[in-house]
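A.B. asks: Each protein sequence line maps, in turn, to chains E and V.
Position 12 (the first sequence) corresponds to 12 in this note's numbering; numbering is contiguous.
Position 89 (the second sequence) corresponds to 202 in this note's numbering; numbering is contiguous.
By construction, these hints were calculated from the structure, which means they are not laboratory data.
No residue lacks a Cβ here, since even glycine has one placed at the ideal position from N, Cα and C.
Certain hints may be false.
[As the list claims (entries may be wrong)] Quick list of simulated restraints, FRET-style, between CB atoms:
| no. | chain 1 | residue 1 | chain 2 | residue 2 | range |
| --- | --- | --- | --- | --- | --- |
| 1 | E | N26 | V | W210 | 34 to 42 Å |
| 2 | V | Q122 | E | D18 | 15 to 23 Å |
| 3 | V | S171 | E | H73 | 43 to 51 Å |
| 4 | E | S98 | V | N151 | 48 to 56 Å |
| 5 | V | A195 | E | N51 | 31 to 39 Å |
| 6 | E | F42 | V | E130 | 21 to 29 Å |
| 7 | V | D179 | E | Q14 | 45 to 53 Å |
One letter stands for each residue in the lines below.
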Amino acid sequence: DTAVSQTPKYLVTQMGNDKSIKCEQNLGHDTMYWYKQDSKKFLKIMFSYNNKELIINETVPNRFSPKSPDKAHLNLHINSLELGDSAVYFCASSHTGSPEKLFFGSGTQLSVL
Amino acid sequence: SQQGEEDPQALSIQEGENATMNCSYKTSINNLQWYRQNSGRGLVHLILIRSNEREKHSGRLRVTLDTSKKSSSLLITASRAADTASYFCATEQTDSWGKLQFGAGTQVVVTP
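One chain only, chain E, in its complex shape (with noise of 0.2 Å):
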């Protein structure tokens, strides 16, 4: 079983469309994030989440509005999007609120054209 699942893998899309990927995990954890690498391969931080409760939101867009129903599962809403937005997005998770091992996804490959 996949510890970390999110959905879907390529996302193709226009311009000022919204879309949502989505995350899932089966360990238990008490934390997920949202992590977006870009073309150079950096990968920066978004959000977390911590049973539910939004801890860090970095300087990112409010077209970003991620939604946590339940500490096994986080998603990620995009409105409005810019060509900008184009990024592979990675969902992870750990145990703890300290991010001493994180669990990512296998990534979304988003292509805004």
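Starting from the known structure of chain E, fit chain V onto it as the hints suggest.
C.D. replies: Positioned in the frame of chain E, the structure of chain V alone reads:
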């Protein structure tokens, strides 16, 4: 801002050789971690070294940490073709609890 920076950006070696890559960071940390990313996949945790540790081993991996120089190294001994991947260092800064900051990685290619 970017916390960790890996060096070199790319490394090409033959199977059986050792691969060494370095990571420098800017501010005080609680721990430093190394991750591997195979092409098209998510990152996989390799090893964690705490700020009060100087060296750690795990299988063919050896990690060192020099907090006075704010740098770490990852050594992969007797490399294999399967070690071909990008390797990232990540730090948890002492003043940013819960936030793991990554560098841009070292791309390692191991040829048979």
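A.B. asks: Evaluate each hint against the coordinates.
C.D. replies: Here is what the structure says about each hint:
no.: 1; hint: N26/E / W210/V: 34 to 42 Å; in the structure: violated (26 Å)
no.: 2; hint: Q122/V / D18/E: 15 to 23 Å; in the structure: violated (36 Å)
no.: 3; hint: S171/V / H73/E: 43 to 51 Å; in the structure: violated (32 Å)
no.: 4; hint: S98/E / N151/V: 48 to 56 Å; in the structure: violated (26 Å)
no.: 5; hint: A195/V / N51/E: 31 to 39 Å; in the structure: holds (37 Å)
no.: 6; hint: F42/E / E130/V: 21 to 29 Å; in the structure: holds (27 Å)
no.: 7; hint: D179/V / Q14/E: 45 to 53 Å; in the structure: holds (49 Å)
Checked against the numbered hints given earlier, this structure breaks hints 1, 2, 3 and 4; the rest are met.
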